[in-house]
Amino acid sequence: MPRSFRNTLLVLVPLVIIAALAPSFYANQLLLFNVIVFLALAQGVNIIYGFTGYLPFGYVGFFGAGAYGFALAVMHLHAGPIAAMAVGAATSIVFGLVLTPLLRLSGPYFAIANLAAALAISEIVSNPALESITKGPYGVSLSGIFAPTFSYSVAVAVLAFATGCVLYLRYSRFGLALQAVRDDPISAAMAGINVVWARTVAWLLSALIAGLIGANFAWYVSVFYPDNVFSPDFSIFAIVFALFGGVATVLGPILGVVLLYGLYNVIGISTPQYFQLIYGLLIMVLVLFLPNGLASLLRRWGIHVV
Amino acid sequence: MLEYSILAGLLFGLYFCLVGLGLNLIFGVMRIVNLAHGDFVMLGALGACGLFGAYAINPIAAAVACLILFIIIGFPLYYLLVPRLLKSADPEMLSIILFFGLSQVIESLTTIVAGPTERSIPGNALGEHPVTILHQTFPSAWVVSAVASGVAVLLVFIYLYHTRIGRLTRAVMVHRDEALATGIDVGRVSGLAFGIGLGLAAVAGCFAPFMLGGITPASGVELTIQSFTVIIVGSLGSPLGTVLGGLIYGVSLMLMQTYFSSWAGLLPYLLLIAILLVRPSGLLGRKVRHA
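Keeping their order, the protein sequence lines are chains Y and C.
Just so we're aligned, residue 1 is where the first sequence starts under my numbering, counting upward by one.
Just so we're aligned, residue 307 is where the second sequence starts under my numbering, counting upward by one.
With the rest of the complex left out, here is chain Y (with noise of 0.2 Å):
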């Protein structure tokens, strides 16, 4: 049996049949998209962080377009929600493209000019002086189209694709040159790869996800506000996700979602702040003792991690 088939049943088709048929033994279905969205999310980060090492500090703002870019395609096209999910999904590549250039700098610089413009287009989106096309700060609301069921199946969908994205990435050609590429780009120039085309893919990839996942959770919720999709918390929350379980694997970010997502909803959602505390340690533990996150912990004990 090929490895890539054996992964693929090993690890996608177990977890879309739990996340599908999850809503059925558990009544929460908010509860459960969230785990599927930070699922996707973190599976967004960990393509650009993990396989090419930058450090998307503004990724939220690929969610907020892709939310953003389905309300705007409903309010003003009459758009269904499936042909506008894919304008929420082509609205974050289009702001994925724009900021391509920031790829040409460097680690820290990259994570704070992406920072910086996932502000800039919150700040954009929310101005009053555009309330007759985004609605300001006043938010949207969709209810026309509020269908929970279907788009927590769509969701699903999304999730699949994003873990079978990087099943191919850890598995594949492209996945090992950009991984040569993180590891030093001018070496890996010199064996041939197109430094430039990799990254871009990759980041443009991982834009896709954010924007897919953006418009259905728009879609799921049907009502929201610039500063409930633009929150920052999702960023952060799928970074540390990800670099919690170990990027550059698939069960890594997976088992990141599960076990601190699962301690945020004992004890954040009532007291945010000591949840924030413990995360914050937590980040802080790990960068000076785990760099590599639980992975590598798994690896170090002799067990292969997906």
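Rather than coming from a laboratory, the hints here were simulated on the basis of the structure.
Careful, some of the hints might be misleading.
Said to hold, decoys possible - Facing chain C, from chain Y, some residues (calculated, C-beta under 8 Å): (1) Ala113; (2) Ala116; (3) Leu119; (4) Ala120; (5) Ala129; (6) Gln273.
Heads up, the beta-carbon is just placed ideally off N, CA and C, and yes, glycines get one too.
Chain C: place on chain Y using the hints.
For chain C alone, kept in the frame of chain Y given last:
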């Protein structure tokens, strides 16, 4: 109107020099990115508000107290975090995540201890009468804050250019390994620079209620971005560049607020991205691009 915005911009610019200077000092000496910078500014601001509210202590006195306190806090924090970080594979990159964690810890602890409410100090705490400069009238709090910032920036330059330890600090900024090889106690110099960096952030914080409005524990992120804009416009690692960056940032912010007020909030982000893309080394500085 134009004269007013430019003069006000220069006053705010002096203040923004102070806001960015601590961040740049730490970056220059240790090549690490203190993403928790804004949270130290926030701590200084809440400290000044608390001292003023409880004992009516003048914010200038609070600033001096904050400077000393945070230099003392800086030393153990330096030894706790930085040496281990500098040994890792990519300190610049990891520092951003590490200090992000620290910023979350500070924000949450502050929320737990002080509550999430907004704090401010009445503007007349720094003098009752408006001040007239070149026929333009400004609130005295702005002028006093700007002058205090100017004095603080001047003191940093005296420290860097006219003291022995300042000369050692500049040596470490130029080349860390060579400084180590010449027998400079790099750890102690860096620790002091780290403390001074945090102290300057806190001093800037003491004037933040007058210059930036009310402060909450969550103000840190925005303050960090503003400080980054200032030092990136100037240039990373160059204290003189920070002064230039601060003045440019202050004047352009005031011009935006006068002529395009509804879009003024975008300025720091767009300026930051534009400078990074067009001239990533800043107006006076070193290369940061690689591919």
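Hints and how they fare:
no.	hint	in the structure
1	Ala113	holds, 5 Å
2	Ala116	holds, 4 Å
3	Leu119	holds, 5 Å
4	Ala120	holds, 4 Å
5	Ala129	holds, 5 Å
6	Gln273	holds, 4 Å
Checked against the numbered hints listed earlier, the structure breaks none of them; every hint is satisfied.
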